[in-house]
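Trainee: Given the coordinates of chain Z, work out where chain U should sit on it, guided by the hints.
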Amino acid sequence: MSNQEGARAYETIVESVVNEVREDFESAGIDEQTLQDLKLVWQTKLSESRVAKFMWDPEDEGSLSAPLNNSNIAPSLLDSQGLTIPALSSGEDKSQQSQHQPQQQQPLMTQSKHEEQPKQEIELSMEDPDGEIAEQLKLQAKQAKKSALLDTDEINSDLDDSEDDYLNSSGEEEGQDENIVLCLYEKVLRVKNKWKCNLKDGLATINHKDYAFQRAQGETEW
Amino acid sequence: MSASGYYELYRRSTVGATLVDALDTLISDGRIEASLAMRVLDTFDRVVAETLKDKTQSKLTFKGHLDTYRFCDDVWTFIIKDCNVKLDQTEDIQGNTVVVDKLRIVACNSKKTGE
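If you read the protein sequences in the order shown, they are chains Z and U. Using my numbering, read the first sequence as starting at 1 and increasing by one per residue. Using my numbering, read the second sequence as starting at 1 and increasing by one per residue.
Bound conformation, chain Z alone:
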């Protein structure tokens, strides 16, 4: 089952949301860099979920696991990764990746982080023409920060609560392992024990791959 349309839908959603909240960011006095970081983190997390192949995915498949390994990511994400591409978790791959990163770049980048914020952006883009290393380093720094915060129990935002609500809304849920369809219904019909339903505008996660659909039709027997 090809899920290209699902991937394209996700790409459209990311692009549209980022463009449409720009005004909100501006009126809240938040700079463009923060919005770009939001986009980057969002895209990276989508790549890590491996529910589809996205246009922003790194060329080198393995480079994803570098930030993954030394960060504090939800176990569910790690689970799904382990299940889909078990080969990546071998020690050989890991050591290979760390060598992939150019040795000279690393100290240069770290240095720039200590300087003023505005400078940081310019320097990163100059030294790293295709932006890949910069993105990775930024991400690593962020994830290190995040895990530090998690350790000190500082997260108490409203957002956490709402997230918990979604995830815990039903005790039967199985998290990322679940095959789930989220959609709208048009008609649900039952004749004796036979059920038919017409659904539309859906997102589905099936066997760790995500799909988008315009319409869906189901026939089931109770």
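Just so you know, the hints here were simulated from the structure itself, not pulled from any lab data. Any given hint could be a false lead.
Derived lysine-lysine pairs resembling DSS-like cross-links, with alpha carbons at most 30 Å apart [unchecked claim]:
no.: 1; chain 1: U; residue 1: Lys111; chain 2: U; residue 2: Lys81
no.: 2; chain 1: U; residue 1: Lys63; chain 2: Z; residue 2: Lys138
no.: 3; chain 1: Z; residue 1: Lys209; chain 2: Z; residue 2: Lys196
no.: 4; chain 1: U; residue 1: Lys86; chain 2: U; residue 2: Lys102
no.: 5; chain 1: U; residue 1: Lys53; chain 2: Z; residue 2: Lys209
no.: 6; chain 1: U; residue 1: Lys63; chain 2: Z; residue 2: Lys194
no.: 7; chain 1: U; residue 1: Lys55; chain 2: Z; residue 2: Lys192
no.: 8; chain 1: U; residue 1: Lys63; chain 2: U; residue 2: Lys53
no.: 9; chain 1: U; residue 1: Lys63; chain 2: Z; residue 2: Lys39
no.: 10; chain 1: Z; residue 1: Lys187; chain 2: Z; residue 2: Lys200
no.: 11; chain 1: U; residue 1: Lys111; chain 2: U; residue 2: Lys86
no.: 12; chain 1: U; residue 1: Lys53; chain 2: Z; residue 2: Lys194
no.: 13; chain 1: U; residue 1: Lys86; chain 2: Z; residue 2: Lys194
no.: 14; chain 1: Z; residue 1: Lys196; chain 2: U; residue 2: Lys59
no.: 15; chain 1: U; residue 1: Lys86; chain 2: Z; residue 2: Lys209
no.: 16; chain 1: U; residue 1: Lys102; chain 2: Z; residue 2: Lys194
The model shown is predicted, which means the values in this text are computed figures rather than measured ones.
Mentor: Same frame as chain Z, but now just chain U:
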């Protein structure tokens, strides 16, 4: 349904959960306020609804044994066991069938979207 008139249901999808995660990172780093994150999620609700409505063509079909059905607060939930799922991109590109042990469907009423 959120104040903007769109369902929040898609926040449970991968694209929604990863956005929630990313926003959470920015909040815990002290870079944005939770209220701004909420506005982003409201926008997300609308963008997902519009994207699925206007930009998708695929058709999904499924058959299986209906294990559980529930209708509560205008939301249908079905749990289908031994379910055959098929996704056709277009008339020409037909997908093959995938069999899953268990499929959960959560569906909100299409007549109440913010149109």
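Trainee: Hint by hint, note whether the structure agrees.
Mentor: Now the hints, each set against the structure:
Restraint check for lysine 111 of chain U and lysine 81 of chain U: the C-alpha separation of about 28 Å stays at or below 30 Å, so the hint holds. Between lysine 63 of chain U and lysine 138 of chain Z the alpha-carbon distance is near 46 Å, which puts this suggested pair outside the 30 Å criterion. Using a Cα cut-off of 30 Å, the hinted pair lysine 209 of chain Z and lysine 196 of chain Z holds, with the two alpha carbons roughly 25 Å apart. Taken as a hint, the lysine 86 of chain U and lysine 102 of chain U pair is honoured in the structure, with Cα atoms around 14 Å apart against an allowance of 30 Å.
The straight-line distance between the Cα atoms of lysine 53 of chain U and lysine 209 of chain Z is roughly 20 Å, inside the 30 Å bound, and the hint therefore holds. This hinted pair checks out: lysine 63 of chain U and lysine 194 of chain Z have alpha carbons roughly 11 Å apart, not beyond 30 Å. For the suggested pair lysine 55 of chain U and lysine 192 of chain Z, the alpha carbons sit about 36 Å apart, so the restraint of at most 30 Å is broken. As the CA atoms of lysine 63 of chain U and lysine 53 of chain U are separated by approximately 24 Å, the hinted pair is consistent with the 30 Å bound.
Restraint check for lysine 63 of chain U and lysine 39 of chain Z: the C-alpha separation of about 37 Å exceeds 30 Å, so the hint is violated. For the suggested pair lysine 187 of chain Z and lysine 200 of chain Z, the alpha carbons sit about 10 Å apart, so the restraint of at most 30 Å is met. Our distance criterion of 30 Å between C-alpha atoms is met by lysine 111 of chain U and lysine 86 of chain U, whose separation comes to about 26 Å. Straight-line distance between C-alpha atoms of lysine 53 of chain U and lysine 194 of chain Z comes to about 28 Å, which keeps the hinted pair within the 30 Å bound.
Straight-line distance between C-alpha atoms of lysine 86 of chain U and lysine 194 of chain Z comes to about 19 Å, which keeps the hinted pair within the 30 Å bound. Under the criterion of a C-alpha separation no larger than 30 Å, the hint pairing lysine 196 of chain Z with lysine 59 of chain U is consistent with the structure, at around 15 Å. A C-alpha spacing of about 13 Å is found between lysine 86 of chain U and lysine 209 of chain Z, which places the hinted pair at or below 30 Å, so the restraint holds. In summary, the hint linking lysine 102 of chain U to lysine 194 of chain Z is supported, as the alpha carbons are separated by about 18 Å, within the 30 Å threshold.
Comparing the model with each numbered hint stated earlier shows that hints 2, 7 and 9 do not hold.
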